[in-house]
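Respectively, the protein sequence lines represent chains A and B.
Per numbering that gives the first Met the number 0, the first sequence starts with residue 0, numbered consecutively.
Per numbering that gives the first Met the number 0, the second sequence starts with residue 0, numbered consecutively.
One or more hints might be untrue.
[As the list claims (entries may be wrong)] Derived pair list, reagent style SDA-like, types lysine to any residue, alpha-carbon separation capped at 20 Å:
1) Lys60/B / Ala96/B
2) Lys79/B / Lys202/A
3) Lys202/A / Ala66/A
4) Lys221/A / Gly232/A
5) Lys44/B / Asp157/A
6) Lys79/B / Lys221/A
7) Lys44/B / Ile8/A
8) Lys44/B / Ala156/A
9) Lys221/A / Leu30/B
10) Lys221/A / Leu98/B
11) Lys79/B / Glu45/B
12) Lys44/B / Arg150/A
13) Lys44/B / Ser3/A
14) Lys79/B / Gly154/A
15) Lys44/B / Arg149/A
16) Lys44/B / Ala152/A
17) Lys221/A / Gly99/B
18) Lys44/B / Leu151/A
19) Lys44/B / Leu155/A
These are calculated hints, taken from the structure and not from any lab test.
This structure is a prediction, so every number in the text was calculated from the model and none was measured.
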Amino acid sequence: MSQSFVAFIVGLLGLHMLVAALRHRALAEAWIGLFFVSSALGSEGVFRGFAELDPTFALRMVSFGIASLTVATVSGYAFTYTVFRRGEPWARGLVVAGTLLGLFGAWYQLAGPTGTADIKGLCVQFLIGRVACFAWGTYEALRAYAMAHRRLALGLADPIVVNRFLLFGVWFAVMGVMPMTLALTRMYGGVATQAIATGVGPKIVGTIMAVALVLTFFPPRKYLSWVAASAQGAQS
Amino acid sequence: MSTSPVFEWLGAELSTHTGYNALNSRGTLRLALQSAGLEPRTLTKEQAEVVIARVLPQDLKLRGVADAATVCMRIGMALKLMRFAQAGPESAESAFARLGRK
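All chains, please: the whole structure from these sequences, using the hints.
This is the structure:
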């Protein structure tokens, strides 16, 4: 599955979520919608920019991509806060800290201490805030899954929603692992190795993500029946 | 961390019926909610009813409360008559329920 195709699907999903946010007047949908749209635009921007030979155009693409990915990171923090930890002061602090980390990373990638943009690959400094965002979201989703699983035994949870927590945890974790893998490949193998990883990583990650995303947001009826039946079987 | 009005009421009621101090009753309640996969800040009346009927009697019995079942029955009956202001923030479950098809 090509990276551009996944980005296109993710972008469409984001638009769908933004429409749902307007319809339900709900912040959760608004943040996840913005997260998807900016992730799609951002990943297209950076991957095309890194592959571009014309340095002026590459810089434009990378700058656009990094800005979009920073918006996605902030939206990711905001979504996790809104859904899992709304009203908790420490979580609000985490969103502020994450936003600052994201902005620092964007500055480091596009100017940094040398005043020159890095248009060859994602730098670790850019990824710290982004990976932390995915780590937090994954932790909260898996924690919510574990808790909802206990509620299920008391008949206080919907098995489909319980499963959705798990799916969310899976694709959020996978989405966070991808940039980390690329950065580590670049650190230890150089730009050339990263170029190879860029060709392989997003395809594997994209496939896992696409499956998990479909099952989260547009699950087939058969899958829903299977989840409900499994939960019923486990309870009896 | 802020707690829901249901949790506050339940804590006070548990103190009255068991002789626990506020700290003990809230702690006992927190543990019962944890084992049921619930959170004090989003606890609703419906969820509390299930916890009182199915989790709390056993927990109180383990802590040596005499007549744990009767205590829970009384609290449960009193809870049925209560009306609460809407519990804190929207739960993660209701937000996730909206995200996809059911």
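We went through each hint and held it up to the structure:
The straight-line distance between the Cα atoms of Lys60/B and Ala96/B is roughly 36 Å, outside the 20 Å bound, and the hint therefore fails. In summary, the hint linking Lys79/B to Lys202/A is not supported, as the alpha carbons are separated by about 55 Å, beyond the 20 Å threshold. For the proposed pair Lys202/A and Ala66/A, the alpha carbon gap of about 23 Å is over 20 Å, so the pair is violated. Only pairs whose Cα atoms come within 20 Å are accepted, and Lys221/A paired with Gly232/A is accepted, the gap being roughly 16 Å.
Of the supplied pair hints, the one linking Lys44/B and Asp157/A holds, its CA atoms being roughly 18 Å apart against a limit of 20 Å. Note on Lys79/B and Lys221/A: the hinted pairing is violated, with a Cα-Cα distance of about 39 Å set against a maximum of 20 Å. For the given pair, Lys44/B sits about 41 Å from Ile8/A by alpha-carbon distance, which is inconsistent with the 20 Å threshold. A threshold of 20 Å between alpha carbons decides the hint, and for Lys44/B with Ala156/A the separation of about 15 Å falls inside it, so the pair holds.
Taken as a hint, the Lys221/A and Leu30/B pair is broken in the structure, with Cα atoms around 37 Å apart against an allowance of 20 Å. Distance hint between Lys221/A and Leu98/B is fulfilled; the C-alpha atoms sit about 18 Å from each other, no more than 20 Å. A threshold of 20 Å between alpha carbons decides the hint, and for Lys79/B with Glu45/B the separation of about 9 Å falls inside it, so the pair holds. Restraint check: the Cα-Cα separation between Lys44/B and Arg150/A comes to about 15 Å, which is no more than 20 Å; the hinted pair holds.
A hinted pair counts as satisfied when its Cα atoms are at most 20 Å apart, and Lys44/B with Ser3/A does not qualify at roughly 48 Å. A hinted pair counts as satisfied when its Cα atoms are at most 20 Å apart, and Lys79/B with Gly154/A qualifies at roughly 19 Å. Between Lys44/B and Arg149/A, the direct Cα distance comes to roughly 18 Å. Compliance with the 20 Å bound is thereby established for this hinted pair. Annotation: proposed proximity of Lys44/B to Ala152/A holds, straight-line Cα distance about 18 Å (limit 20 Å).
For the hint linking Lys221/A to Gly99/B, the alpha-carbon distance of about 15 Å falls within 20 Å, and the restraint holds. Note on Lys44/B and Leu151/A: the hinted pairing holds, with a Cα-Cα distance of about 17 Å set against a maximum of 20 Å. Between Lys44/B and Leu155/A the CA atoms are separated by roughly 12 Å; this keeps the pair inside 20 Å, and the hint holds.
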